[in-house]
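Asks: Model the placement of chain B on the given structure of chain A, informed by the hints.
Chains A and B, in that order, give the protein sequences. Using my numbering, the first residue of the first sequence is number 1, and each one after it goes up by one. Using my numbering, the first residue of the second sequence is number 1, and each one after it goes up by one.
Because the hints were derived from the structure by calculation, they are not lab data.
Here are a few chain B residues that face chain A, going by a calculated C-beta distance under 7 angstroms:
| no. | residue |
| --- | --- |
| 1 | Asp12 |
| 2 | Ser15 |
| 3 | Arg150 |
| 4 | Gly151 |
| 5 | Thr152 |
| 6 | Ala158 |
| 7 | Ala160 |
| 8 | Arg470 |
Derived CB-CB ranges, DEER-like:
| no. | chain 1 | residue 1 | chain 2 | residue 2 | range |
| --- | --- | --- | --- | --- | --- |
| 9 | B | Met249 | A | Val16 | 42 to 48 angstroms |
| 10 | A | Pro174 | B | Ile188 | 55 to 61 angstroms |
| 11 | A | Glu206 | B | Ser237 | 39 to 45 angstroms |
| 12 | B | Glu149 | A | Thr114 | 27 to 33 angstroms |
| 13 | B | Gly24 | A | Gly112 | 37 to 43 angstroms |
Idealized CB from N, CA, C, for every residue including glycine.
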Amino acid sequence: MNATQPAPMLEARGLVKRYEDGVLALDLVSFAVRAGEIYAMLGANGAGKTTTINIFLNFVEPTEGEALVDGIVTHKDPLAAKERLAYVSENVMLYPNFTAIQNLEFFARLAGKTEVTRDECRDVLRRVGLQDDAHAKRLKGFSKGMRQKCGIAIAILKDAPAILLDEPTSGLDPKAGFEFLNLLAILRSEGKAILMSTHDIFRAKEIADTVGIMSAGRLALQRPASELAGQDLEQLYLQHMAGHVERAA
Amino acid sequence: MLTLIIEKEIRDLVSTARFAVTFGICSLLILLTFYVGARTYALQTEQYEAARKEQLRQLEGVTDWSSVRSARVFLPPQPLAALVTGISNDIGRNAEVRGRGEANPQDSRYAEDPIYAVFRFLDLDFLFQILLSLFAILFGYDAVCGEKERGTLRLTFAQAVPRSTYILGKLVGSFVALGIPLIVPLLIGCAILPMLGVPLSAEEWLRLAFIVASGLLFFGVFLNCSILVSALTHRSSNAFLAMLVVWIMAIIVVPRTAVVIAGRAVDVPTVDELASKKSRYSAQLFAEDRMAMGKFVPSNPTGPQVMQEFNKFMSKIADERQKKMDEFSSRLNEERVNMQRIQEDLAFGIARISPVASLSLGLADLANSGLDLKEEFQSSIQRYQRSYGEFMVKKTGMNPGGGMIMRITDDSDREKPKPIDPSELPVFVFQPETLSASLASALPDLGLLAALATVLFLAATMAFLRYDVR
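Okay, chain A solo, but in the shape it has when bound:
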């Protein structure tokens, strides 16, 4: 371990995932995300981004290798690993008959924040940009963007050291997308380790510290964002996408 660098909060070590039908979803994927870092995983559909996140959440077990959260192997001690993880899915689905605050209270308590108050919930909802008049409304009338904000609020309220974001900006309008990036920057400054899967190369290059491009289950490229000029990243991404399409064909 480098003496100047802290231990990774999120780490993939040689992850291989072959499903029962023989499909190789991940092929020796390794990366690390440290506290105060944002790692953007780019890639086409089926590239292996969600499978990687699923392994971190212990929804699937790796065929080989291991995923670690704060040094804890996820498939060996999933509950301890999840205590250190917050998660926002591509399409946040909450309890439609509960209000935004009730959903937040429930998931916060489920995450161990038993003392969470309604005022704290309101503060977080304001922080993610959800209008006050929506706080006490049932989720059944919420748009995708509003639900996404609630999902992010749940992740913030959990105050976990590591955050997994699976296509978090999908479905957000430009303003909400911009606000979300600002929020990520704040979370990074608070020392959170953030692993984000996305198709959005523009936002990725804007916010990420490290960018990984996944193609057909492999981490085809991994570079610090500072080493990538905007034009380069687009070209690289498109090149790997083309490779992915050829391999899939």
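Replies: Just chain B now, kept in the frame of chain A:
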């Protein structure tokens, strides 16, 4: 965490429109059941009292006990049988007792009013069987797969939630949330029973409590089964379809098939076959007695005691004939009862594959309206028949057994005879099964329900531990 999940489950279920509908339907039907039961009981009590009075009225003006050919006994209405009818409407409600011979219950409610037999009565057994099982399915079929479809399962298990805690919370939460629409109207129904003129003894209240507990146990079986199926499927439509098949099999197919199989496997002689055999044997005995009557020679053919002597002779040969007939009937009846028991055991054994059979049998035992009711009524009739026969011998010097007797009356200047006192007739006492005996009968079925609920819960837990929550 368990409390949190239970609380969430209750809140989630209670806030749905289907809960409101469930609560409304449950309340309406349960209260209606109690009302109908109470009215039925009141009506039966009225009919029972009227029939008893009519029986005594018919004896008014009779001056000689030897003119009384029989007495009619009536099955007193049972308050709980109005709530769990069991077979109480199928068996006869009265019997003619002659002092000897066979005395069988007759005039069942369904025989008298066949309209009630078409759709049967609304009772707690029916409500629990149909309503509770359907509601358990309605609220349980998407407990797991529905959350997966809605996407909430993924977010839940992104937290450090043990699966066993989650599934236990689901079960307890659903059970409590759905128990409310059941318990509230049940308690109201129980409270209005005395107001509707149904007095329950302490023992009957206890029986009612066991009946309600059995219903909840049955509900637990179907809820666990629904959650199991939900944890084995990934689409709520598939889970619902599977539970519909389970429901049809459990409620309709298994109990009926069990009866058909047992009916085919064990041949029980019919009542008609027995009647035919008894009739043939009786005719044979009569023929023998007619020959004996032809040989009757009075000790003094011209004396005044001829008729008395003839009656005594007739009584003697009637007693002997009846004794032979009783032995023959008793043997045939016993054979039939034994075969019936074998058939019933087989039918109930197969039917108990379905929890519905266990529920029905257990409830009927607890309400004292099960198969034992017929035997208890029959035993009470037989006991009364003996005391009635002894009473008639005491009053008339013989037991006429409902047969003909010949009398010579003398209308000369005798004092006008006094009417008999009908209240001297022995009182018919129906001895229902004691609570401990009912519990002993119901316990295997309730135990079976509890065991099934436990097994289904464990199976649901096992299935959920391997469930793909993505």
